[in-house]
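Trainee: Use the sequences and the hints to build the structure in full.
Protein chains: 2
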Amino acid sequence: MAKGNVVVGQSGGPTAVINCSLAGVIETVSASSAMDRVYGMRYAVEGLMEDRLVDLSDKPADFLEKLKRTPSSALGSSRHKIQDPDLPKILKILKKHEIRYFFLIGGNDTMDTIHRVEKYCRQQGYELFGVGIPKTVDNDLFGTDHTPGFPSAARCNILNVLQAGVLARDMQRVDRYVIYQSVGRDAGWLSAAAAAARRDEGEAPHLIYLPEVAFDRERFLADVDSCISRYGWVSIVCGEGLQYGDGTPVSTSETTDKFGNIEFGAMAGTSVALNLHRMIMDRFDFRGEFQITESLIMSAMDRSVDLDRQEAYECGRRAVLLAAEGSSGVMVTIARRSNAPYRVDFQTVALSEVAEKSKPMPREYINPEGNFVTEEFLEYIRPLVGEVPDYATL
Amino acid sequence: MAKGNVVVGQSGGPTAVINCSLAGVIETVSASSAMDRVYGMRYAVEGLMEDRLVDLSDKPADFLEKLKRTPSSALGSSRHKIQDPDLPKILKILKKHEIRYFFLIGGNDTMDTIHRVEKYCRQQGYELFGVGIPKTVDNDLFGTDHTPGFPSAARCNILNVLQAGVLARDMQRVDRYVIYQSVGRDAGWLSAAAAAARRDEGEAPHLIYLPEVAFDRERFLADVDSCISRYGWVSIVCGEGLQYGDGTPVSTSETTDKFGNIEFGAMAGTSVALNLHRMIMDRFDFRGEFQITESLIMSAMDRSVDLDRQEAYECGRRAVLLAAEGSSGVMVTIARRSNAPYRVDFQTVALSEVAEKSKPMPREYINPEGNFVTEEFLEYIRPLVGEVPDYATL
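Each protein sequence line maps, in turn, to chains X and H.
Sequential numbering of the first sequence, starting at 13, is according to this note's numbering.
Sequential numbering of the second sequence, starting at 13, is according to this note's numbering.
Calculated from the structure, these hints are not laboratory results.
This structure is a prediction, so every number in the text was calculated from the model and none was measured.
Don't take each hint at face value.
Unchecked claim - Chain H is faced by these chain X residues, among others (derived, beta-carbon under 7 Å): (1) S85; (2) R91; (3) M183; (4) V186; (5) F296; (6) Q303; (7) L308; (8) A367.
Stated by the list, open to error - Taking beta-carbon pairs under 10 Å as the criterion, some of the chain H residues facing chain X (in silico): (9) G137; (10) R231; (11) L233.
Where a beta carbon is used, it is the ideal one built from N, C-alpha and C, also for glycine.
Mentor: Right, dumping it as structure tokens:
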């Protein structure tokens with residue numbers, strides 16, 4: 013077979029390490045005898061359909077090193093969900109640029125895109141090798157022990173909750189509580205990770221509420237009261253996607269807007285952290301604060317984990333090697349072999365499976381009360397997030 | 013004079029480096045021939061009045077090194093404003109422990125406390141040397157070029173705005189704006205510092221709104237629209253204490269609570285960032301996000317600046333040396349001598365002056381439009397905050 017060209021894109025929400033995967037693709041393509049030019053899609057398949065490609069083939073080594081230390085998606089990203097009419101447009105561009113290798117770094121919607129593009133091309137008699145590179149801070153991708161991007165975002169949550177917890181402890185004569193809202197709409201992995209901040213009983217965080225567990229206002233208020241009685245203060249972590257038992261988001265506004273409408277969700281100008289803050293203020297005579305970090309933890313390169321950058325790079329590299337060997341229709345996965353020492357293998361899973369399934373926190377990672385994690389979860393998370401700072405106590 | 017004992021406390025909101033000042037005091041006392049034991053007040057003067065002192069005299073060197081890397085106020089802090097009836101209680105404790113040297117690390121309320129305690133003791137014929145050690149992330153202390161704690165909190169804002177800005181740029185096909193709310197109720201120094209994140213025109217942040225400038229909703233919406241037209245996205249930084257021209261806080265709720273009351277301020281469950289987010293959503297068809305960091309930037313030791321830790325230590329050390337020489341009623345100040353190379357002197361200012369005055373951003377540091385800083389401000393801030401990361405662009 014003649015040498016084919018390569019296209020790579022970054023899709024969905026960024027991470028601190030997604031450019032490491034991109035660098036892994038670029039550097040491995042340049043060493044591959046089966047592959048020629050490597051193009052980057054601007055804004056993922058949106059840019060591909062607009063023929064907005066960047067030639068990445070001749071980037072110098074020092075640029076690639078800098079790219080590995082650059083957070084977010086340097087090519088630009090999109091959340092476009094592919095539609096049937098998109099497929100002929102994409103095939104046309106692939107043919108135009110003689111592209112035979114198709115890589116996207118992303119989550120389950122992204123894997124669905126690769127799957128559909130690859131299938132359509134095959135049906136049209138155009139040989140295309142499509143391999144997925146996993147990425148999501150949310151860690152809810154099926155088939156992999158964890159996803160690149162998650163460890164670094166988790167570390168950012170850990171440092172935030174740890175340091176704000178020390179402050180809350182020291183300021184307990186003024187403020188009694190600190191509420192920290194993490195991204196993670198459907199899965200609680202990132203909120204749960206904050207538990208690794210705690211070295212000793214009594215330290216932050218005390219309470220963690222996850223989207224996997226139905227939220228109960230009265231139980232929450234009892235938990236808060238109990239921690240403040242016990243420790244003098246309380247550190248609370250919550251996922252942005254918390255829901256009540258009936259499926260109502262906890263971020264539903266308790267107030268009406270100027271037209272008298274009840275509002276829902278963050279886009280209506282409310283949030284889980286703010287509503288928890290209001291619940292505590294309505295019930296108790298405590299002062300406290302809430303923190304909403306949103307994309308801050310998805311792009312914190314200065315808090316990224318070495319292991320995460322290396323694994324992200326390796327997933328990019330493996331994807332190219334797999335495609336060069338004729339593999340297609342799969343996503344690279346990470347399989348953990350041991351915790352001490354931490355060892356992983358890289359394997360694959362069918363794109364169709366990743367596209368259809370997700371990976372919520374298993375119940376055995378959540379305590380029976382539904383307000384913290386278990387020791388099993390801590391064993392899972394600790395090898396991924398690097399060393400947790402140890403502070404002096406007076 | 014016989015050797016006297018020493019007491020030191022940490023008062024007001026913590027910083028990442030306030031324990032460096034504490035270590036500076038402890039280590040310098042141990043080398044002083046005029047001073048004997050050094051005690052720490054638990055929760056500042058609240059703990060002092062309760063006779064809750066910790067003997068810090070014999071802490072080993074490795075503990076003190078760890079203390080210098082520990083954020084927040086290891087002794088515990090308070091916001092207690094001293095009252096006349098407190099003064100005899102304090103004198104009684106000082107006499108009980110033969111304390112002749114009184115140090116507090118804090119802001120202007122704290123300096124007022126030292127001033128009043130020192131004056132009262134003198135009136136009562138009890139010789140006490142009281143020296144203040146400056147501290148506040150807000151940087152609004154009179155008489156000093158900047159305050160220890162400010163550079164590190166400023167760097168945290170810079171990294172947050174920089175990294176979330178890269179992400180917002182890359183995600184502009186999905187979200188058009190990112191709003192970042194910084195602490196800083198009366199002074200805009202910390203919000204303004206975020207400007208140092210920007211290396212080139214078009215990068216984050218685009219717009220900065222400071223408490224020193226009356227907020228105008230229509231001008232704000234025009235600014236946002238103009239940036240999105242020009243760049244495709246916009247990064248907005250706001251101080252928590254923004255006010256309209258008539259003095260109404262921008263954090264005033266635009267909705268009513270369940271009893272039909274209009275609400276005010278963060279403690280009522282609203283915030284400036286949330287209200288700016290609502291203004292944009294009400295006017296435009298843009299999606300975006302808001303971030304509220306609160307104490308996260310006050311305690312981010314992993315983002316602290318070397319210079320800030322060193323200056324904080326030095327302020328603690330100087331305070332002890334001054335008191336040992338018989339100085340009293342003053343606060344240590346930092347006077348900048350040059351920017352390149354960065355050089356400072358340490359001087360003093362009368363406590364009474366610091367207690368009475370504050371230091372808002374001067375008008376020449378704010379652009380005429382009131383929506384960004386000037387080059388003069390950037391010259392002021394850049395030497396304080398360490399190197400700003402340089403990322404790859406595709």
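Trainee: State the violated hints by number, sorted upward, taking the hints as numbered earlier in the document.
Mentor: 5, 8, 9, 10 and 11
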